[in-house]
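A.B. asks: Read off the chains here:
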Amino acid sequence: MSVLVSILVAPIVAGLLCLLLPSRRAMALTNVLGFAVTLGLSLQLLPAVLQPPYAVTECDEFFRADALSAWMALLISVVSLGSALYAGRYFRRDLAAQAVTPGRVKEFYVLTPLFSGGMFLVVLANNLGVMWFALEATALSSVLLVAIYNRKTSLEAAWKYVILGSLGLALALFGTVFTYAAAIDQRAATGLPNFNWSHLMAIAGQLDTRMIKLAFVFVLVGYGTKAGLAPMHTWLPDAHSEAPSPTSAMLSGVSLKVALYALLRFHILTTASLGTPFSQTLLLVFGLASMCLAAPFILVQTNLKRLLAYSSLEHVGLICAGIGLNSPMTIFGALLHMGYHALTKPVLFFAAGNIHQTWHTLQLRRIGTGVAKVLPWTALCLGLGGAAAAGLPPFGLFFSELTVLSGGFASGQTAATAILLGAILASFCGILYQLTRILPGTPKVARTTDASPLDGVPTMVLMLGTLLVFSLWLPAPLLEVVRQAARVIGGLP
Amino acid sequence: MSSALTDLQSTTLLQFALCVYGVGGVGSLAAIRREKLANLVGFGSGTVAAICGIGAALLALIGEPADGARSFDLWPSLIPFVRLSVKLDPLSAFFVLIVSVLALALSIYSFGYVRGFYGRKSVGALGALYNALLLATTLVFTAGNALFFLVAWEIMALTAYCLVSFEHEQAETRNAGVLFFIMSHVGTGCLIVGFLLLFQASGQALGDFSPEAYSFENFRALGSNLSPGRRDAAFVFFLLGFGVKAGIVPLHVWLPAAHPVAPSNASALLSGVMIKTGIYGLTRVLFDFLGTPPNWWGITILTVGTVSAVLGVLYALMEHDLKRLLAYHSIENIGIILMGLGAALMFLHTGHPVLASLALIAGLYHTLNHAIFKALLFLGAGAVLHATRTRNMEAMGGLIKRMPKTAFFFLMGAVAISALPPLNGFVSEWLTYQSLLQGFGTTSSLVKLMFPLSGAMLALTGALAAACFVKAFGITFLAQPRSEQAAQAHEASPTMLLGMGLLTVACVFLGLFPTVFLTVFGPLTQQLLGQPLPGYLTRGNGWVLGNAQELGGTVSTLGILLTGLCLAPVPLVLWLFFGRRTQVRIGPTWDCGLRGLTPQMEYTATGFSKPLRMIFKALFRPHREVQREYDYSPYFATTLRFESHIEEAFVTRLYRPFKRAVLLISRRMRVLQAGSIQAYLIYIFVTLLLLLLVAL
Amino acid sequence: MNPPQSELASQWITLLAAGMLVIQLLMVVQRMLLTNIRLFALQSVMLAAIAATVAASHANATHVYWVAGLTLAGKVFFLPWLLHRQVRRIHIEQEIAPLLNASASMLLCGGFTLLGYIVARPFTSLAHLGNNTLGVAVTLLLTGFFLMINRRKAITQVLALLTVENGVMLAAVALTAYGMPLVVELGIFFDLMVAIMVLGLLVYRIRDRFSSMDVSKLSELKG
Amino acid sequence: MNAVIAILLQTVLLLALAPLISGCIRNWKAKLQNRRGPRVWQPYLDLAKFLRKDMVISEHASWIFRAMPKVLFISTLLAGLMVPLVSASAPLSLFGGALAFVGLLALGRFFLALGGLDTASAFGGMGSSREMTISAIAEPALMLAIFTVAIKAGSTNLSQMLLAAQGPTWQLLNPAHVLAFAALFIVLLAETGRIPVDNPATHLELTMIHEAMILEYSGRYLALIEWSASVKQLVLMALLVNIFFPVGIATNLSAVSLGLSLAWFVAKLLVLAAAVVLVETTNAKLRLFRVPDLLSAAFILATLALLSTFLFQ
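Protein chains in written order, with the working numbering: chain B, 767 to 1259; chain Y, 211 to 906; chain F, 6 to 228; chain R, 304 to 616.
Some clues are possibly wrong.
[What the hints assert, rightly or not] Under the rule of at most 30 Å between Cα atoms (straight-line distance), these lysine-lysine pairs were calculated in the BS3-like manner:
1) K373(R) to K352(R)
2) K334(R) to K571(R)
3) K455(R) to K820(Y)
4) K588(R) to K827(Y)
5) K611(Y) to K588(R)
[Said to hold, decoys possible] Cβ-Cβ distance ranges computed for the label pairs, FRET-style:
6) F195(F) to R917(B): 27 to 35 Å
7) V446(Y) to V771(B): 57 to 65 Å
8) F195(F) to A889(Y): 52 to 60 Å
9) P819(B) to Q225(Y): 45 to 53 Å
10) S854(Y) to P478(R): 40 to 48 Å
11) T584(R) to P798(Y): 34 to 42 Å
12) V446(Y) to L509(R): 50 to 58 Å
13) A863(B) to H833(Y): 49 to 57 Å
14) A863(B) to E604(Y): 25 to 33 Å
15) E604(Y) to R917(B): 40 to 48 Å
16) L509(R) to E377(Y): 40 to 48 Å
17) E853(Y) to R1131(B): 28 to 36 Å
18) T584(R) to E857(Y): 38 to 46 Å
19) T808(Y) to T584(R): 36 to 44 Å
[To be verified] On the chain R side, residues computed to face chain Y include the following (Cβ under 10 Å):
20) S392
21) I437
22) L445
23) L461
Derived from the structure by calculation, the hints contain no laboratory data.
Keep in mind the model is a prediction, meaning the values are calculated, not measured.
Even glycine gets a Cβ: it sits at the ideal position worked out from N, Cα and C.
Next up, chain B with everything else stripped away, as it sits in the complex (with noise of 0.2 Å):
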């Protein structure tokens, strides 16, 4: 049953088939396709991953997906299925204002297979190498996808995501080679010791307890600057920005999910072996940071997409500030946050692209009030998708956020969560603020849009009509999910 191997092999086919094809439409056919191949494959993994060893593996042992990487491989299809069906309009309202050279959207939909390819084998490899090699991956397709637009802000963005990244992953990188060297001591005989994280998982308790912990500083610094953590954050508002937008959505919505995933198989690790809350302490740490910091760019941000951008921080700051409380309650909070979030942002970041086609420009003060008048669905799609970022109830976050909060103060930790609620307080009014300033009110400039208003609305109500579904009923096999995944992370099998 080689469901794994095939999840990463349609992604990667869809890629070089773009290579070959000529027209625009047909490309984008197939990357819709690619990844709706990919999303069944992760549906029929989630039950699958249930059944007691609670874990599949393929090529012995080389792909392995247990509940957390299921759960991780259905965002991504999502997230990717959702830009990909964006992209579509975006790239045809692009080509139309000469915004960017067909050569360039081949580029696009040729990397963006690769792109989301890498991810998955970020989360199904068991190796840690080829882990590490999976995150380079997706780092190097991303670099060219942020740099489409040949302007001259998205060449900076792009230089500085790729100098950031590739620093952070080398860090990642000697990071790993620690994790191997702990794992060499113990076994003197002459095998190479198995570089598996299963393996791993099972003899956590004889590692170097020193050099796991030196190992998880370098991963922590390293996987956590591609993660976009708070001192380490500085490149994720300008790349997110200056990306176009299905990429941006994806760059926002999940692939900072995944290498929070990496950094957490090693904090998974690390508080096996160490069983001190060495690695929940700094999770913690670093995730308030990320909120705290995100909070008063969001009030005084003057860019549409650098305020989603900041957002995203923000929301990843929380996860790992949950995962980071380290009890039951507030991951099981933490990993059903990454799904609610993974649902929004992508809309928001549509609607910023709509907007930006529009108006072109993302300047608030230039876009100027009563987008509602002009985009009405649009201008609907962000109020609603602005409001479930922020946590309003209707929408899955609030209940997340809740949970999170709520298993913070069961566990004892009542200052941590008491300034958990207060940067989520704050970058809520941040949000609301700058939003208000453009959604209602009479518009400046009665806008001539060439294009009708209705583009790309379709992805977006989809989204939000799924993220409403999701949040109003978790089916069975989800919530099991979920749950297993977080028995995974609290140190479960």
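Starting from the known structure of chain B, arrange chains Y, F and R on it as the hints suggest.
C.D. replies: What follows is chains Y, F and R alone, placed relative to chain B:
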């Protein structure tokens, strides 16, 4: 009827009401294209649901209080941790009664009022938001566990925000909406902390932190294992959270900004009902969950209540925008309600349950009265706004001749809010006075001085409220019209008048027959204080209202009214005896020999409030500016421009500096992302070095 | 314990590691771009030599030969040629003034060496071939990081990144008796190649948009 | 049945006695300023004259203008019925105590101010604004004084207060009583528009407060308003006199004791009237913005009275 029957009916009626609200909301949204249909569907369903709500509440209150029989699950809970349990106990039923009575009157009023929006704004959206707000508010009152309460609370805030910024063309509306939503969300943050503190305690008590630990029954059963430190922290957070929504003084800034800009039926709903959710929350938490309160809780709430009452009315006096004036009055009346609750808490502390129930009844009865006469006044103001297209009182005048029925209803509302005898405002303030008066003897410490002093401040508030409404009614309705629109104002449409009439009848009924209505409070005090209705509350076989003391003072508004009617013939007899041959001549008003009085010579709202502005100038810091343009000499001015405004202390001293500081710090933080890649690399390098030192 | 290997091999590895460190310090002070590239090539040769000695001294570490060969082919010939071509095409010679002058940066590199050894001290007790080079590996990492911060030319930043990569590979050799499994080594190597190609492409596109390779010009995105 | 008779008797007493008191005050003030002054029963003649004269009503006036005199008259009478004049138990004591008394006076004042505003003249507006301001500032002092006495009596029922204060006469001179009396005396001056606060006799537009509101009234309505003003004055004085010096109040309803208590009551009223006259002639009218200082002095006195109820026990 056996209690089981009444319970069943009240829950089914409540379920039906909630469904009709939902259907109404969705229906009016669906019929958004055809305005007439949307109006009918939206507000028609509002009316039907309101009637069912009243029925459910009355059945729950009057039927025997079979505890717990009236809770049901709104929806089989699909999400693992939220149990959508709705519970209709006496306290919830009382507040559902308030929201339903108001919903009935407002829905009828809205049929006519919304016609003004045809073609201009989408009536379907207004209907949907209106029904959603009512649904959310009813759920807030009847929520059975903390999570569902917070969900309903937040949806209420969201729909209220959409209603406040319904006419979002003007910038003023948008800013008011944002201020409202931010402050209410910060309040919700405090509520979340409060509820989670209780959840922490109930979780420890139950042993596991399952969703069951959120339910209000477990909070109620907390009792001893709620440590004093956590209890005080929870109290502070609840006071802040509910205080923002209720509009207590330091947190009131959003109220005078948000209410005037909302459409009038919405601002009546906001002022009448949404503010009461804060009061409901405080009552539920203080009397139900946190057990016997320490002394300083009661003192804090009493002080905050007194300060809110006095400052609320003082700022109201200075307003010449009709709806801002009414919004400030909401703050004043919330202050009076809090006086009642604060006194009740202090009596609970000193162990006087009878007095506590009297004070609680005073507070809750004033909540009901305020909801009704404030809604009546807002509807009146809405009708005036609808007719004259302006909220500025200086541009009104003489409307009593063109809108006689609205004027009469507004006058009845004004008499009620100024706590003048025959109507309901007087009765609830009388009960508050009685509880404050008897508070003096309950403790020996100097704290007992607070009661008479807050009584004096309540008297000051009442008198200032009377002055304010003489100004509001006199300047708006009496004398000559000061502007063109006021001259051509037309009477409100029949449905608007019916809505206002309903509320006036309610005011009169609650004023004249308080003893009939007070029986409703029996199960309520039984549930909250374990104390049946105080003995000497109703005397003289139901005619007279006592103050729970054998020898205590009594009042009977019905008696006063009837004796007044008996005395009515005295002026008639004098007329028959002396003045039968006199004629009545209509002549011009005395104009000191000038050629006729012009509307500009009339007294203005600013003029009317000038003496009080001079007396309280330390608080208002009035600023006036006169510019005179003249050709030859300054004594012969060609044009005069006069501008005067007062300084809203809290906005200029507290909120604006805070906002400026926050924005300054945030802009200062932006230097972190200054664009140079070297700086970014240094951040990572320093983090790495710090972590290495930590990990060694 | 590992089979007793000749004293010569571990001496030889320590010498080469020290050589790599010296080259690194030279690169920190060197201002000419082309010499920097050659220094990097030299450093890679030493790394390949270390890998070779490790492979020679262990019976079953044949795959390390592959690693040595690849390092030689990739890092000594292919990458420097690529960078050379890039430099010639953009014909920039002189590195502009770095952030810190030479003496200050030398002082800092001394500090990093000290820190490297403090970090590596608890692990040198592991008695197997080449573990004393861990201190050098950490220093290479830190100094490469500092070089990246210090220089303003894009090409030099790429070079600094490569030296960091060398540091990591040295650590791999030092810590793990026979290096990491082959598939991981291949993966890492292949990634490095693609990374450098992508960087080259980006440098070229930046070159023709900004008409200068000064990284401090890339600071438009603020706030 | 005797309740209805008591109401009728008290109403007749109120209506008869009120003009006499204001007549006496006006006459004595003239005598003190060595003028002959109008006869003591002049107010009765004025009232009769007004009742017989025609009325001129302003064209801008609405139905409130016509309703105001009747509402004022009836509410003041109702307030009067709640105060025990001759017999210890006032006719309407069951229907309302001190708070209802204050409320009814406030109701009268509310409509009086509206009446003033209705005729679109600047004087009416100015009068109502000043009247409402001064009564608002006087309210806390009035309420605190009532609270002091009510706390001692344990109830706000005026008859209860009166019975509680019955004790031996020297006991009446305790500090709480004296201070509360002083506070209430100042409030009396403010409420009835006596010299330090407002000059009843003047027609100088800028100084009159009470007069300004009823400037537009004439004929029958003016009679009703003047009559209720004097009834209000009588009632406030009666409150002062009976609550603080309940000497000679009849407890049983026999004719002899009622007659005796009526005599005592009229005597006490005249003594208080003399005090008011004395104050009026020796003081000049205060500037409008000095009146709040006077009334806050009254408030301080009332607070001291409250403190002394338990400090000097």
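A.B. asks: Each of the hints needs a verdict: does it hold here or not?
C.D. replies: Against the structure, the hints:
Taken as a hint, the K373(R) and K352(R) pair is honoured in the structure, with Cα atoms around 18 Å apart against an allowance of 30 Å. The hinted pair formed by K334(R) and K571(R) meets the criterion: a straight-line CA distance of about 20 Å does not exceed 30 Å. Between K455(R) and K820(Y) the alpha-carbon distance is near 39 Å, which puts this suggested pair outside the 30 Å criterion. This hinted pair checks out: K588(R) and K827(Y) have alpha carbons roughly 23 Å apart, not beyond 30 Å.
In summary, the hint linking K611(Y) to K588(R) is not supported, as the alpha carbons are separated by about 39 Å, beyond the 30 Å threshold. Taken as a hint, the range 27 to 35 Å holds for the pair F195(F) and R917(B), whose Cβ atoms sit roughly 31 Å apart. Checked against the hint of 57 to 65 Å, the C-beta distance between V446(Y) and V771(B) comes to roughly 58 Å, which is consistent with it. Taking 52 to 60 Å as the suggested C-beta distance range, the pair F195(F) and A889(Y) does not conform, at roughly 32 Å.
Separation of P819(B) from Q225(Y) is about 47 Å and conforms to the stated range, judged on CB atoms against 45 to 53 Å. Against the hinted window of 40 to 48 Å, the Cβ-Cβ separation of S854(Y) and P478(R) comes to about 45 Å, which satisfies the hint. Between T584(R) and P798(Y) the C-beta distance comes to about 39 Å, which sits within the given range of 34 to 42 Å. Range check, V446(Y) to L509(R): Cβ separation about 52 Å, and the 50 to 58 Å hint holds.
Checked against the hint of 49 to 57 Å, the C-beta distance between A863(B) and H833(Y) comes to roughly 53 Å, which is consistent with it. For the hinted restraint 25 to 33 Å between A863(B) and E604(Y), the CB-CB distance of approximately 53 Å leaves it violated. Between E604(Y) and R917(B) the Cβ separation comes to about 55 Å, which falls outside the hinted range of 40 to 48 Å. The beta-carbon spacing between L509(R) and E377(Y), approximately 45 Å, falls within the hinted interval of 40 to 48 Å.
A hinted range of 28 to 36 Å holds for the C-beta pair E853(Y) and R1131(B), which are about 30 Å apart. A C-beta distance of roughly 44 Å is found between T584(R) and E857(Y), which places it inside the suggested range of 38 to 46 Å. Here the CB-CB span from T808(Y) to T584(R) is close to 42 Å, well matched to the stated 36 to 44 Å. Because the closest C-beta pair between S392(R) and chain Y is about 13 Å apart, greater than 10 Å, the hint is violated.
With its C-beta approaching chain Y no nearer than about 8 Å, I437(R) sits inside the 10 Å limit, and its interface hint holds. With its C-beta approaching chain Y no nearer than about 7 Å, L445(R) sits inside the 10 Å limit, and its interface hint holds. Using the Cβ-Cβ criterion of 10 Å, the hint placing L461(R) at the interface with chain Y is satisfied: the shortest such distance is roughly 9 Å.
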